[in-house]
Structures are given as structure tokens and as C-alpha cells.
Amino acid sequence: MRKLPRSLRFYVAASTLYAALIFIAVQFIYTIELAQSGIVIALRDSGDVLSSIQLVSFIVWLGISLIAAVIMYRLAMALAGARSAEAEAKTSEERKDQELGSIFGLSSALAGPQDLEQIGAYFVSAVRGAVPLDMTLALIVYDDVLEAFRTVAADGPRAGPLRGRSYSAVALPSIVRVRVIDHRQSLVVADTSADPTMWAKVAEEMPPLAGARSFAALPLVSRERLVGALLLLGERAGDLTPDKAQLPVIMGQYVAGSIHSALSVKEAEARAEREGLVNRIAQRARASLDPTEILRGTVDELSKALGVSRGIVAAGESENDLSVLYEWDAPGVPPVGLGARSIPVASFAARLGRTIVVRDVHQDPRFAEPETATLDQLRVVAIAATPIRVGGQLAGALALSQIDRAREWTADDVRLIEAVAQELRVAITAAEAFERQRAAVVELERLNRAKSDFVSIVSHEFRTPLTGIQGFSEMMRSEELTLDEMREYAGDINKDAHRLNRMITEMLDLDKMESGRMKLHREPLDLNTIVSESVDRLRPNAPQHPVSLRLDPLIGEMTGDRDKLTQVMANLLNNAVKYSPNGGEIVVSTRVEGNTAHVVVRDHGMGIPKEALDAIFERYGRVESPATRHIQGTGLGLPIVRQIVQLHGGTVWAESSVGEGSLFHVSLPLRTDARSGVAEAAS
Amino acid sequence: MSRVVFCEDDPMIRKLVETALRSTTHEVHIAVDGREGFALIQRVRPDVVFSDVSMPVMDGFELADAIHATPDLAHIPIVFMTASVQREQIEECFRHGAAGHLAKPFTMAELRARVAQFSKS
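So the protein sequences, as listed, match chains A and B.
Heads up: the first sequence begins at 9 in the numbering used here, then just goes up one per residue.
Heads up: the second sequence begins at 12 in the numbering used here, then just goes up one per residue.
So that you can see chain A by itself, here it is in the shape it has in the complex (with noise of 0.2 Å):
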């Protein structure tokens, strides 16, 4: 029989004790009333109807008194019930958790969170009474960090090999996959040797299920998910049949709460500071533009974070041109070095465009000679690799290794390197950005100081022409002065002014020719005719200078463009006379070699230093130095010579030695098919 709830017993004393004390006053009060009235009644007489008054009257009383109780009780409770109405709204599932957990002495040891291990030993514990005392318990969980089954606890003669083991699901037998796994349906296997085919299998698929002689495998669900199963080893058939297995069955539905509780928890914490991880870096990365900075603050807090041996970040544009440009070292861990250099696991995932893991180099069949004898130079055995890419467009890999010793990568590590490979994009951006810049600012100050060089060059090649014109000029205006001395300096003037004109004329022709503006008047010509003809211009004003001239007679015609070939020449003649201030011979000569006319003007004077060869053929690359100072040019006759011997299809090139004088070599295609080469790409 229930007893009466607490409350009520109070309501009920209080009742009580209140109806005696009303009847002993009613009592009282009746006594004195009845015998002032003078109504004498005999004791003996009178006892009876006394006492049947007194009697009615008090139970009258214990009635009201008990009715009253009840009803105070009733508002008593209804005030409460909507004070705990909160409380009172428990699910029904919860309720049912809560008795199943009172059955089996579960109820207390699994409120509140829990870890994994305490809640496997308690259901370990609990189950252990349901079951024949030698059968093999073992807990195993699906963790999501892990993204495996692992066994949280373990208990019976069997379960030494499966402590502390964890499992991808690919890894259980696959019975036990397909209907626990994916079905969710509880697999007992009541005698293990009726199907030894089946069971041949499973224990070769796990083996520490291979002694058992009775199986059973119970999925764990709360909440329409997974979190794991219970597997029991029998050890005589018939130990467990559907029947024996009902009791954990319903054991396992109330744990399942727990752990999905738990693994919830575990889940949310490492999300939670992966994130908090992830923040970090993001911040650092975005909170400077020095690359050096960014890979600093990232790759080492992602390095310690991972706690692995070594962090790489290489750029490069395709898996082959990979060049280290930020490394942290864990303590005592040899770096790998910046620079070009062979990272084999970083360029096959740049390759692939996707994060690959390596658990060990020497059991991965995707790695063999030669790049695992440089990785074990580098003493790596595990890695993880992820491309970088900008754009859509590779721009290099972020690469974690592990030193001396195999690593598992969890979904978790392959996760955080890829979020940050993503920040990393930003350092990568910058740094290509910074060294575009560093780059342009240096092409910058290079044509800038060449501008100058050669404002300051033909503003002193303009003055000198410009003296004689404004001098003679003014004397002719200013002065008394003959018929003949006018003309005289007329002349002067015209001189200067043509020679000033000529200055002017080349600078244009260079920038045409540079921009692909000039023309060719092609025609046949005698090229020995244009180098003799040439020479014989330049003898009477070279009087120090003996001229030799070598022609081969077997170059023949050939198609160019006469004035500007001619130009040559007189650039390469004017500048052998030039350099060699002290005189000495000239040689010209000509002869063929092959499909080519190579023409050579060779000098005595004063040489050109071997690193500047290739120097004067650019625009104002006049070698500066006191022997040359005096030396009148614009720094734009050799810039001509190559330009016109390009258009021709040609080549030109300079050997020197300082004080030995200088080779100057031409070489023209003999036998121009007219729409060839260069030529027509710039007409």
C-alpha cells in the first residue's frame, strides 16, 4: 500500500489535533450550558445520550477537520505543481532513461558529464551482472575527431587485445559493418562454429574476435546517431542467444545518451579550439603585410599546435619549381634550409591539388626511390602536405613533418593544415606582391638613372654644337666683318646645325627601331661595297688612324637596307677611331661563313672591360670612365648598330681586351628569304 505522501500527513495531524480541541471546548461549553439550564440529568441516567451527543458531534468535527485537510492540501499542491511545472517537463524518453538507470544502479553514476572512459567503465560494470561472468565485454565509440571506433573500456578474458585499439569502420569485420554499422541491427551469433566460413572471416577481418565461440555486436544509437557498440565474446555456444543479449540491449540504449553527451562535449571543445586555433592564425596572418611576419606568427603556432617536428611553407608556380620560404624547426630538429630544393611529399600534393597525408614514407607505396633516400636525409617519416593556391592558380604548399617516427594524421590535423594553408594564401599574395614591387622599384631606379644619365649626356652633346652656333651668330650680327668672313661663319653655323641635326635624327631612329616603327627599303646589294665605300669615308678624317680592309670576294648580293647597313658601318668605324685616341690600325674585313656574312672591324685602342660587353649595346651604355669622359656621343651609336642588324636577321656582338683594342662582330643572313625573321615582325 502507498503510504500517504508527507505533505498530506502534516495537513492530516493538523486536522486531527484541531478536531480534538474543538470537541473538548464543545464538551466543556456543553456541560456548563446543560447544567446552568437546570436540567439535572443523573450521571447514570443521562451517561449514554451524553456520550452519543459528545461522539456525534466529534466525529462531525473530524470530518469538516479531514475534508479542510484535503483541500488545503490539494491548493497546497497545485501551488507547487506550478512552481515546478518547469521541472515536471521532462521527455518521456528521459523518464525512461532515468527508470532503466535506477534499475541497473546506472542512474547516479552517469548524471552529470561524463568522460568517455568513466561512462565505458560504469556500463562495463553494470553490464557485467547481466551477463555470465567469464564473457568479454568491450565498449567501442565512434569519435568524430578521430573519425574511428575506438574501445573506451574492456573487460573479461578476451579483452586484453582489444584495449586501447581504435578502428576506421572500414577496419571491423565487414558483417558487423553492414548490419551494426549501417543498419543499426543488433548481430548475435549464438555459436560461432555453425558458420565457420562466416566466422573463418571475421576473425581474420579482427582477430581478437577469433576465439570467441558465441558473438554479439549492439549498435548504441541516441538521438538517431551512431555512437557506437557493444561487442560481446562468449565463451561456449549458446552464451549468448537474442534472448541473453535483450538485458544489454536496453542497458546500451540508456549509455547511448550518455555518450553521445560526452562525445558531444569532446567534440564541441576540440571544434571549439580548433577554431579558437584557426582564429588565431587568421588574425595573425591579416594583421601584417611582411610575409616573413605572417609565416612566422602561422606556421609555428600551427607547427607547436600539431606538435610536430617541422613546418614548411614553399612557393612556386608549378610542383617542380618548389622553393623553401619559411621553415620552423621543433628544437633539436635539422633544418631543411630555404631555397629550391627537392620537398617530394609538398610537390606531389601541389601535383594533385590536394592535402596529402603520409602515416610513414617507407610503407606508403606512393613514395619510392629517390624521394624517400631525401626524405630520410631529412629523417622524415610522417608528413602532411597541402597545395596553396591563389586564384585558382598554384602558388605553393604548406608541408608538416614528423621526425624518427610514424604519425597518424586525424580528419582533424588534415582540417586545421588546410585552414591554414587558406590564411596562408594572403602571406604567399604578399610576398610574390612585395617582390613584384621590390622588383619594379628597382627597374624604376634603373630607368630613372638612365634617363638622367642621358638628359645629362645630351644636354652636353647639344651644348657643344649650340656654342658654335650662337657664337659665330652673334659675332656675324655684332661685328664689322668681310663678305667672306660672313660666309665663313655661315658655314660654321651650318655645320654645327647639321651636326646637331644628325644628334636628333639618331635619337629618333633608336626609338623608332625600339618600337618597331622603322622600315626597311630592302634591296640587293654588294655588302664588300658598303664596307669599302664606308672606309673610304672615314680615312681622311682618321689620319692617325691606317685602315686595313679585308673583303672576301665570294659573299656575292644579298637584300638589305643600303642606308641603314651603311650606318652600321659608320657607327663600328667611328667608334673604332674614337677609342683609340692614340691611333693605331683598323682591320675591317668581311667573309662567309656558311648561310652568313660576318663582317669584324677590329681596333687598337683602349678595350672594353669584359662585364660591360654586352652593356653597350643597350641605350646610353657608354662606358663611363676618365679615359672615355672626353669621348663625344649621344650613347646611342651601338643601340642603332644592333637594332638595324636585328631587323636584318642579323647578330652583333663585341670582344675586347682593356688596352688591347676591341673585335666588333656582325653576322647577316646571306641569302635572306625576304619574309623572314625579325625584319617583318617589326614592318
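Just so you know, not all the hints are guaranteed correct.
Stated by the list, open to error - Calculated pairs, DSSO-like style, for lysine-lysine (alpha carbon to alpha carbon, straight line, at most 27 Å): (1) B/K26 to A/K503; (2) A/K586 to B/K26; (3) A/K459 to A/K520; (4) A/K586 to A/K503; (5) A/K209 to A/K252; (6) A/K459 to A/K586.
To be verified - Example chain B residues on the side facing chain A (calculated, C-beta under 10 Å, incomplete): (7) D21; (8) K26; (9) A31; (10) S34; (11) D44; (12) S65; (13) V68; (14) M92; (15) T93; (16) A94; (17) V96; (18) Q97; (19) Q100; (20) A114; (21) T118; (22) M119.
I should point out that these hints are in silico values taken from the structure, not numbers from a laboratory.
The C-beta atom is built at its ideal place from N, Cα and C for all residues, glycine as well.
Keeping the supplied structure of chain A fixed, place chain B upon it in accordance with the hints.
Below, chain B alone, put in the same frame as chain A:
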């Protein structure tokens, strides 16, 4: 009447100087480069030297150094004639002990005034 030495490699400017100073009383000697100029200076002991800077064989600065290194010539003032009017080059002229600077192109009046300035009257 004073003696003046000019060193100038450009034939047109040589001719201009010669013509411009013909009508004055100065004794004008003209050389085509620094080496020839130095020989001339040693021979004629001028009151002033006008020299171009850019010249073959021996340039104006080398000439100035040579003059300053010769005790009995060191007192001769040197005026550089340069086509460059850039501050750096003018400063370089004065570092080489220039007494004056004449920028090309110059007017005849400028030329005559400069020559007169350094002449013993």
C-alpha cells in the same frame, strides 16, 4: 696685354674662341687637349687658363691637377668651360681648384669679360 691659354677639343669652339678674341689685345694660345695644353702652359706661362673638361688624352681636371702640382705654375687661375650646367659637375670644377666657370654655350661678351677678369691690365 695678357697671355691666355685655351684647351678645347672641339674644332668649332676653338675657332670661335680664336675669332672672338682676335680683336682684343690678349695673346691667345690654343691647345686641342690637356697634354698639349700643359706643354703650352709650361712654355708661355699664361696669366689664365681656360679649359674644356671633356678632352681626349688628358682631360681638364687632370690638367688642373698637373698645374697645381707644378710649383711655379700653381698660382695660375683656371676657368673651366663645361657644356653641363649640372650642379655636381660645376662643384667638381671647383673641387679641382677652378677659379671660375664658363657654361657652354656662352656669348662672346661673356667670354671676353671672363678673359678680361683674369688678365693683368
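Outcome of the hint check:
no., hint, result
1, B/K26 to A/K503, "13 Å, holds"
2, A/K586 to B/K26, "21 Å, holds"
3, A/K459 to A/K520, "17 Å, holds"
4, A/K586 to A/K503, "20 Å, holds"
5, A/K209 to A/K252, "25 Å, holds"
6, A/K459 to A/K586, "24 Å, holds"
7, D21, "5 Å, holds"
8, K26, "7 Å, holds"
9, A31, "7 Å, holds"
10, S34, "7 Å, holds"
11, D44, "8 Å, holds"
12, S65, "4 Å, holds"
13, V68, "6 Å, holds"
14, M92, "9 Å, holds"
15, T93, "8 Å, holds"
16, A94, "4 Å, holds"
17, V96, "8 Å, holds"
18, Q97, "6 Å, holds"
19, Q100, "8 Å, holds"
20, A114, "8 Å, holds"
21, T118, "6 Å, holds"
22, M119, "5 Å, holds"
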